[in-house]
Amino acid sequence: MTISEKKENSENRVIMYREALNEAIMEEMKNDDTVFVMGEGVAERGGSYKVTAGLLDEFGKKRVIDTPISEASFTGAGVGAAITGMRPIVEILFIDFTVLIMDQIVNQAAKYKFMTGGKGRVPIVVRTQGGSGNGLAAQHSQSLEAWFYHIPGLKVVMPSTPYDAKGLLKSAIRDDDPVMFIEHKLLYMKKGEVPESEYFIELGRGEIKRKGKDITIISWSNMIPRSLSAAERLAEEGIDVEVIDPRTLVPLDRKLIMDSVKKTRNAVIVQEAVRRGGVASDIASIIQEEAFESLDAPVAIVAGKNTPIPFNLRLEKASIPQEKDIILAVKKTLNFKIG
Amino acid sequence: MSFREFWRDIYKNLYTIRVFEKNCIRLYRQGLIVGYFHPYLGEEAIAVGACAALRSDDYIVSTHRGHGHCIARGGDIRKMLAEVLAKEAGYCYGLGGSMHIADVATGNIGANGIVGGGIPLGIGAGLSISIRGTEQAVVIFFSDGASNNGVFAESLNLAAIWNLPVIFMLENNHYAVSTPIEEASRTEDLYKRAEGYGVFATAIDGNDVKVVYEKTKEALEVCRSGRGPFLVEAKTYRQGGHHVNDPGKYMPREKLDYYMSKDPVQTGRKYLINEGGFSEDEVKRFETEIENEIKEAVEFAKNSPELSEEKYFNEIVI
Ligand SMILES: Cc1ncc(C[n+]2csc(CCOP(=O)(O)OP(=O)(O)O)c2C)c(N)n1
Ligand SMILES: [Mg+2]
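Line by line, the protein sequences give chains A and B. Here this note's numbering is used: the first residue of the first sequence is 1, the next is one more, and so on. Here this note's numbering is used: the first residue of the second sequence is 1001, the next is one more, and so on.
Extracted from the complex, chain A is given alone in its bound form (with noise of 0.2 Å):
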């Protein structure tokens, strides 16, 4: 139980990211008795992560279910009963397992608002957890959310902070649309500030992690550490950086970005997925288009690299972006000239 031996003391009680969502969840289904949570592992053991670790005590078996290794059809279970009045929140393990549900979401969850005319409502939550820095190796290290993004009628959050996690994951769930919930596995022990009192953040609505005037850094998930760290970093030689994360990747908030953007008249974009076909490439497209006249220099992407993530530590570690990869990216484009 993670709720009750919290301190009086809301304003800077400090407590980890997974410990966020475990709040989220236990609010939500407090306030709604359609909430549900269902997924491998969700009950008795409450997640391999501990995130839905107390639900089962408090909720009992009917609304915190342990399923059978059968993620395509519990899935679209999720929907099912989505469709039919209640708000699951479905956990796939890994975000490489969400390849086995692709139907379920992409076909059904995604299509059904569209193809009822806009009556029908799919207010399921699809709690996953991706990205690399274990050894897991090339099946449980993924960074898709890219998949996502592609298909109109999700919304894709990623939280980077405790405090974030929990505001959005309690707007997600009470989102009438299919909102893909992408956690990374390593930042579930993070701590960070999350006050007592209850609190939402609009999907949509993204952030300035850091102000800075002379480049503006967008990243997400657990990129955005690593770029802040990267930012301190260059402040040490006078170059200030300001890192937006947009927290939701659909709903997008392109005038945070585009507002920054125009102030810094720089930008690099930081994603752990591999570059091809990847969220920052849209990113870099779309600022291209609406902020074209005020760049100095053209957008820059630190991405992965076209491989599956390998076992070996450190050749894990040269597959996904790095501070010094951050590092060399902004100094390349504040050095740019043209011709």
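In case anyone wonders, no lab produced these hints; they're calculated from the structure. Computed from a prediction, not measured in an experiment: that's the story for all the values here. Some clues are possibly wrong.
[What the hints assert, rightly or not] Straight-line C-alpha distance at most 30 Å; calculated DSBU-like pairs for lysine-lysine:
{"hint": "1", "chain 1": "A", "residue 1": "Lys-191", "chain 2": "B", "residue 2": "Lys-1249"}
{"hint": "2", "chain 1": "A", "residue 1": "Lys-332", "chain 2": "B", "residue 2": "Lys-1311"}
{"hint": "3", "chain 1": "B", "residue 1": "Lys-1311", "chain 2": "A", "residue 2": "Lys-317"}
{"hint": "4", "chain 1": "A", "residue 1": "Lys-62", "chain 2": "B", "residue 2": "Lys-1249"}
{"hint": "5", "chain 1": "B", "residue 1": "Lys-1079", "chain 2": "A", "residue 2": "Lys-305"}
{"hint": "6", "chain 1": "B", "residue 1": "Lys-1022", "chain 2": "B", "residue 2": "Lys-1192"}
{"hint": "7", "chain 1": "A", "residue 1": "Lys-50", "chain 2": "B", "residue 2": "Lys-1255"}
{"hint": "8", "chain 1": "B", "residue 1": "Lys-1192", "chain 2": "A", "residue 2": "Lys-61"}
{"hint": "9", "chain 1": "A", "residue 1": "Lys-305", "chain 2": "B", "residue 2": "Lys-1192"}
{"hint": "10", "chain 1": "A", "residue 1": "Lys-50", "chain 2": "B", "residue 2": "Lys-1022"}
{"hint": "11", "chain 1": "A", "residue 1": "Lys-190", "chain 2": "B", "residue 2": "Lys-1249"}
{"hint": "12", "chain 1": "A", "residue 1": "Lys-50", "chain 2": "B", "residue 2": "Lys-1295"}
{"hint": "13", "chain 1": "A", "residue 1": "Lys-185", "chain 2": "B", "residue 2": "Lys-1302"}
{"hint": "14", "chain 1": "B", "residue 1": "Lys-1311", "chain 2": "A", "residue 2": "Lys-324"}
{"hint": "15", "chain 1": "B", "residue 1": "Lys-1255", "chain 2": "A", "residue 2": "Lys-61"}
{"hint": "16", "chain 1": "A", "residue 1": "Lys-331", "chain 2": "A", "residue 2": "Lys-213"}
{"hint": "17", "chain 1": "A", "residue 1": "Lys-185", "chain 2": "B", "residue 2": "Lys-1255"}
Dock chain B with the ligands against chain A, hints included.
Below, chain B with the ligands alone, put in the same frame as chain A:
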């Protein structure tokens, strides 16, 4: 092959798997192995019995709990150890690790990080055999958890309608991570699912290597004579948690004790003495030989280099 040689080979594999896993668990605890590591302890008889019945040109499909399958099929211990220690000399240059060992030389189509992911691959191997018209066969290893994934049902049906030479070797260890089979299936006798698809099926004691060997041999005869697929449900139990970091506290003591008393390696040891004619001293010497071989392989793997970044990005990544 004489009885003596037969049981010698069987026991060699049983004991090698046991010692391999114990060594790897130690290396894991020392921080030398990272990621997920799922030991095959307690299930050795299934891989060893089944593979002993196979021909050298047959195929197997393995799982995330795959070291036993690889060893029983004649895999190279040095390459396996180098792989789990993330070294260049490993099966996959250290890029795959424990869950991604495949061995073309022994027809091991590979371990898999996706539960159930290998089952259709085994159907594909059966299909290629059937198109080529050879007398090869396939053993698909998978566990109770995977049997609840849709691919299992679809694959059973495909194997049935295409009459494929495929053995579904269901290692029912009664758990998918911490979820007991009673909670994931209304019947614990998973072999019964085959009947509805018109597939021959039987349940056996998966801890007795002789039983597994004989039943696999029988099933293979059915397969090779063109009478189609066979499902063998081998009942067994893990001798520990799901992976190295899982203490497995949820496993009831009595049941664990029961299966410990039916330890597959000890059972195999008795066969080696009673049917293979080995003396206790001979077995001990044999065991020391195996232990030394693995010790040597561990040293080799520990001391061998990792793949360089240059080589990785310039030669391997495409
Ligand atoms: C498609 C998929 N879902 C979930 C997982 C996570 N997972 C890894 S092993 C495992 C349990 C597998 O149980 P079972 O098939 O019985 O194999 P066992 O571990 O008993 O050998 C689970 C759920 C996975 N790897 N792949
Ligand atoms: Mg199992």
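Going down the list of hints, with the structure as the test:
no. : hint                      : in the structure
1   : Lys-191(A) x Lys-1249(B)  : holds (29 Å)
2   : Lys-332(A) x Lys-1311(B)  : holds (26 Å)
3   : Lys-1311(B) x Lys-317(A)  : holds (15 Å)
4   : Lys-62(A) x Lys-1249(B)   : holds (25 Å)
5   : Lys-1079(B) x Lys-305(A)  : holds (27 Å)
6   : Lys-1022(B) x Lys-1192(B) : violated (35 Å)
7   : Lys-50(A) x Lys-1255(B)   : holds (27 Å)
8   : Lys-1192(B) x Lys-61(A)   : holds (28 Å)
9   : Lys-305(A) x Lys-1192(B)  : violated (47 Å)
10  : Lys-50(A) x Lys-1022(B)   : holds (29 Å)
11  : Lys-190(A) x Lys-1249(B)  : holds (27 Å)
12  : Lys-50(A) x Lys-1295(B)   : violated (38 Å)
13  : Lys-185(A) x Lys-1302(B)  : holds (28 Å)
14  : Lys-1311(B) x Lys-324(A)  : holds (21 Å)
15  : Lys-1255(B) x Lys-61(A)   : holds (25 Å)
16  : Lys-331(A) x Lys-213(A)   : holds (14 Å)
17  : Lys-185(A) x Lys-1255(B)  : violated (34 Å)
Violated hints for the displayed structure, listed by number in ascending order: 6, 9, 12 and 17.
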